[in-house]
Amino acid sequence: MTTRRPAARPAAAPTAGREPAERDPVARLHVDVPLPHLDRLFDYLVPATLDAEVTAGSRVRVRFAGRLVDAFVLERVARTEHEGTLAFVERAVGTEPVLTAETTALFRAVAERWAGNVVDVVRLGVPSRHARAETSTPKPPGALPELATDLSGYRAGPSFHAAVAEGRAARAVWTMRPGDDWPARLAEAARVAHDAGRGAVLVVPDARDLARVDAALTAALGTGRHVALSADLGPAERYRRWLALRRGVVRVAVGTRAAAYAPVADVGLLAIWDDGDDLHAEPRAPYPHARDVLVLRSALTGSALVLAAHARTAEAQQLLENGWAHEIVAERGVLRASAPRVRAVADDVELARDPAAAAARLPTLAWRTTRESLAAGHAVLVQVPRGGYVPSLACARDRTPARCPVCSGPLAAASERSAPVCRWCARAAPGWTCPTCGGQRLRATVVGSARTAEELGRAFPGVPIRSSGGDHVLADVGDEAAVVVATPGAEPVCGGGYGAALLLDGWALLSRPDLRAGEETLRRWANAAALVRPGAPVIVGADAGVPAVQALVRWDPGGFAARELSERAELDFPPVSRMASVTGPAAALSELTSALHAPEGLQTIGPVPVGHDGQRLLLRVPRAAGADLAHALKTAAAGRSARRSADPVRIQLDPLELL
DNA sequence: TCAATCCGTATC
DNA sequence: ATACGGATTGAC
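Per my numbering, the first sequence starts with residue 2, numbered consecutively.
Treat the hints loosely; a few may be bogus.
Each pair of labels, with its calculated beta carbon distance range [said to hold, decoys possible]:
#	residue 1	residue 2	range
1	Glu-97	Ala-643	52 to 60 Å
2	Glu-328	Leu-69	46 to 54 Å
3	Thr-636	Val-335	49 to 57 Å
4	Glu-82	Ala-49	16 to 24 Å
5	Arg-555	Asp-399	36 to 44 Å
6	Arg-62	Arg-651	34 to 42 Å
7	Pro-535	Asp-515	30 to 38 Å
8	Arg-644	Arg-285	22 to 30 Å
9	Asp-480	Ala-170	36 to 44 Å
10	His-598	Arg-92	55 to 63 Å
11	Arg-644	Ala-157	53 to 61 Å
12	Asp-196	Gly-479	58 to 66 Å
For the record, the hints were derived by calculation from the structure and aren't laboratory data. The structure displayed is predicted, hence computed values, not measured ones. Note that CB positions come from ideal geometry on N, CA and C, so glycine has one too.
Please put together the full structure from these sequences, using the hints given.
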């Protein structure tokens, strides 16, 4: 251990004929390899020939452990601390930097917060290069429209705009009133930042919301002053738009979760719409959440931040309660005038017992409400929790869930007459027999949107039935008598607002064994109910005694979030505490935990078996020790990967699906 | 005595 | 990961 010296070996690449650059010949860089113990800076020599291209933030190729890998240069310095000889940078990738000082700091902060590698985060936020896109020149922007803002009814709204205009770090949880044109509100805030000479970054959950905000930004800023970043653009267009931001040609960006890292310089406003939508949670390591990325970015840059939504998450509520953010809500009178009239149907207990009949035998109130709205020439929105026809079946006699005889996957029905089909392996199971009672008949336990649409078609003959969900999502529908059946998150916007909404099968949402079931249910209901005309009826098919139902009836997302947060505090769950889920083979977990430098107040829960031969261990610390926990996990994981411990463990901080 | 193989370690 | 030095093993 004491007399180890660097291995003397011939340089992997010929250095002959290569001269280091005269000034700051050392590039300090992150190599793009996925190993935690290599997540640090390495020094390379910059050849004089690459002096101009290898700059802070540029992408290069270097020879690392014998092979060519991508790397990101963080800085150029005069000398190295490294004892051995330095290799040369092989070549530059592209001619301009991809990291800015600000995004570099953000990538590092995100890596630290979620116990991940910097390069993994960089890959989330920097699109792959497309050479041709580097040469394209953007069109000049069109005329700047008159700034028209509509903050009517939001008491703290004007002061928030004033703060953005003055470049102050105002942070707000903005609970949009139902029926409000929220894309316009976000676009106006972006315009205020723009007029203050600053940039803006808006993050939305999905492509449909992106299209709406994109259009609203065009209305607020004219053409050519913002870009929309989405996954389905194709690499060339994606990189072209991203470069326009990086070059400062365009300073306002809207996009899905990766846009949280958009290289907008001098950000004046960061915004996220509907932070409770789980699409904001990144599914790739290190699993950062877009809301929390923006919270970090706001703290790093001092830019204003707004979490806007119809509902409110416990996380947003915590930012309010600890004084980090302030509240923007509609004034009482305005809210009362714009909120729908929500009624919970009393006979839902009966419906829950026989969900197959729910759509056909609508509760009297729902039936009457639908008929009246259609008669008045308005569309009716019907929200159904599940897609498909009958996504879940059980034995008609003893209610044993129907499973595939081959792979044990859940059986579903694709139409009224067809044989049940396995949702996992797609095999048909025509002669199903109940393994417990031998019964042969199946009944629906969950009714999907397709069957609901079919039955509503029978119930309201002559009325157009439109469906939205799955891979067939409607962006909007006209203001005309129609029944619109949608799964949660796929509700089309209706021009003048729906005349009524039915939120069916609430029990299916509420009874999920998930800590966030109540919060998530209220979020989905509120987003659907926000699409009806002011004062229009909304019928929710759930027990009126349930807190989420009461919160919807009273239209009180803030009160519900406060209650939710205090429950999390009682259970000692995030966001009140910080938790890490560590998944992997049992041996790997115990290896990791025995090397873990446990932070103050660490609690371990489990491990419990998950998946095939893996286990899951939960670690919990007080919130203040969250950074210590992430750091300790990262260090332990690095130790393991350095010692070539084969089985990798997955580390997730504050994962959404706890329990 | 030399190669084939395993281990441990560093990767600028 | 992957590539290397050094130690270890096994057959001539």
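(request) Against the structure, test the hints numbered earlier, and report the numbers of the ones violated in rising order. (result) 1, 6, 10 and 12
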